[in-house]
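Enquirer: Assemble the whole structure, with the sequences as input and the hints as a guide.
Line by line, the protein sequences give chains A and B. First residue of the first sequence? That's 2 in the numbering used here, and the numbers climb one at a time after it. First residue of the second sequence? That's 1108 in the numbering used here, and the numbers climb one at a time after it.
Note that these hints are calculated values from the structure, not bench results. From the three backbone atoms N, C-alpha and C, an ideal C-beta is built for every residue, glycine too. One should not assume that every hint holds.
Calculated from the model, a selection of chain A residues having no Cβ within reach of chain B, i.e. all distances over 10 Å [as the list claims (entries may be wrong)]:
#, residue
1, A10
2, V26
3, S131
4, L249
5, Q252
6, V375
With a straight-line cut-off of 25 Å between C-alpha atoms, the simulated SDA-like cross-links for lysine to any residue are [what the hints assert, rightly or not]:
#, chain 1, residue 1, chain 2, residue 2
7, A, K294, B, T1226
8, B, K1207, A, G282
9, A, K294, B, R1309
10, A, K294, B, A1200
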Amino acid sequence: MTRLTELPAVLMAVRNLRRNRLRSVLAALGIVIGVLAIATLGIFGNVLQLAALNQLGGIGDQVIVSPNQDAGADSLTARDVAEIERIAEGRGTAVPLYSEGAAVSGTGGESGFANIYGTNTPAALFTAESGEVPERHRQGALVGTDLASEVDVRVGSLVEIGGNTYRVIAILAAGEDISPVQPGTAVVLPESEFAAGGYDQVVVQADSGEDARDVADEIRDRLNSREDRVSVLELSSILDQINEFLGLLNQFLLGLGAVSLIVAGVAIFNVMLMSTTERKGEIGLLRAVGVEKGDILRTLVVEATLLGVIGGVVGVVLSIGAALLLWYVSPIGLNIILDPSNAVYLVVAFAFGVVISLASGIYPAWKAANLEPVEALRD
Amino acid sequence: MTRSRSAGAEAEAAGVEPPLLLSGVDRTYERGGETVHALQDVNLAVDAGEFVAVVGPSGSGKSTMLNTLGLLDTPTAGDVLLDGREVSDADDARRTRLRKEYIGFVFQDFYLIPTLTATENVLLPTVYDADAKARPRAEDLLGRVGLGDRLTHRPTELSGGQKQRVAIARSLINEPEVLLADEPTGNLDTDTGRQVLGEFERVCDGDVAVVAVTHDELVTEYADRTVELVDGHLEVR
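Expert: See the structure below:
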């Protein structure tokens, strides 16, 4: 840094900026606001996108296959299930489910209505909040946490469903994801508790959104080749659209920020033009006593750039403060605020601020450097 | 005119190039569709240590002549020789370098920068050079013009005469061979004017050629030689 300030152009630029501190500060303030606008709007948009993905993530990984009731099918055949399992293999886990709605009541008499799922392999779809989700589900009920508190049961309690009593072996976590299967308000029973017949749906828990889409496409191709026997619900394409929308929103916010930075650039342009006009005599004198055009040009460009750098640094610091404030006042997690992708917006805003300042300084500097000393000294 | 020509000739005869020589210089420019002949066949040689006053009414071409001498303006025809070197067709970069090397300027309005101290103002021509010896030289120059106790004063804290002496010190910082002064006493009262002109005499003693354009008859008292510009023609008084 000492090296830098030893450069005559930098030294002179700093000296010139100090001469009219208020004006320098106001010009830098424009850049502060511009950088702040770009960085915070960019970060906020990005945080929104990250938070939304965090919430919606699960949506895209699941494929729900159910019989197409319009075509007269009301259950999936064992062949269908086998086919789906084959398609899903290597890209996720297919879990065939029975499902129906039923009243559930606890021993205390409280009751509620719940989706009852029947499966022997619940572990792929459900996680336990307390108790344990068995690999092979043979007896007992898994009760969603919301339902459990509604009917007041815990692990070891008894619940009554459709006239039968089951022991609760696990309470299911609600899951943060938005998903077509809502474990929080569900009860999961072994398949043997359902009347024999076809499955009501198959949920494929895919390894990624991409896999989910491929699996869904393949299921449609294979099972619906002659007639629409099954309907396939797969949300990764919806997720893509949400993502696309959020990306667009982000660009829009950045655009707003950019406008304010360009306005700030105009302010710097104006300040530089004003201050060079004011210093015309001085610049003429410097030229007359043998200071080269290039030195004048460099000094003035450095002046403008310094305004941008100072404004940019302050803007970045304030933006970090704004992001932390967002974390403080909103339920958004610190991990999302501190996501490295947010830093990109800080860097971009800073760089843009400096570049705008530099660009705004070039014309006034060029104009001043090319003044004829005689003309400059005359007024 | 003949005498000024002969002055150069004498110097040439003695084998010494005059630091400054105008030979057959014309300067015309267009103004409002009219051709103005600011200088016509001007011949002038200024020797080292000589103090030449250029007088003449407003619009007689005094400023144009000083700018031509100072390489701030280029002649339409004729030659400008600086230290015996032809410089009239030098490009901007070369003229800038030559000004720095050979020429010092003193202006009627001083052109001191209000936020800088006297020493910093004197240093201004050297700010873009990494010249560690410039500061002691500046302080020494200020001492020589009698401002050794005003080194850290700002222009607002100085009188008119003191300001012009700072300006003279500034014009000498690059150790020029020629000092060009535009109405150096124009903003000063008579007593202060005399002090400043005394400084010019001392500058001449240091073998620097001084050319001052002026309306002020006082300047001619101190000058070794006075020439008069009338409608672009140089006449000896």
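Enquirer: Hints first: check each against the structure and report whether it holds.
Expert: Hints, one by one, checked against the model:
1. A10: At about 7 Å from chain B, A/A10 fails to clear the 10 Å cut-off, so the statement is violated.
2. V26: holds, 16 Å
3. S131: Nearest chain B Cβ is 75 Å from A/S131, so the label holds.
4. L249: The claim stands: A/L249 keeps its Cβ more than 10 Å from every Cβ of chain B (closest is about 50 Å).
5. Q252: Given that every Cβ of chain B is farther than 10 Å from that of A/Q252, nearest at about 45 Å, it holds.
6. V375: violated, 5 Å
7. A/K294 x B/T1226: Given pair A/K294, B/T1226 holds - Cα atoms ~24 Å apart, limit 25 Å.
8. B/K1207 x A/G282: Status holds; Cα separation ~18 Å.
9. A/K294 x B/R1309: violated, 33 Å
10. A/K294 x B/A1200: holds, 8 Å
Checked against the numbered hints above, the structure breaks hints 1, 6, 9 and satisfies the rest.
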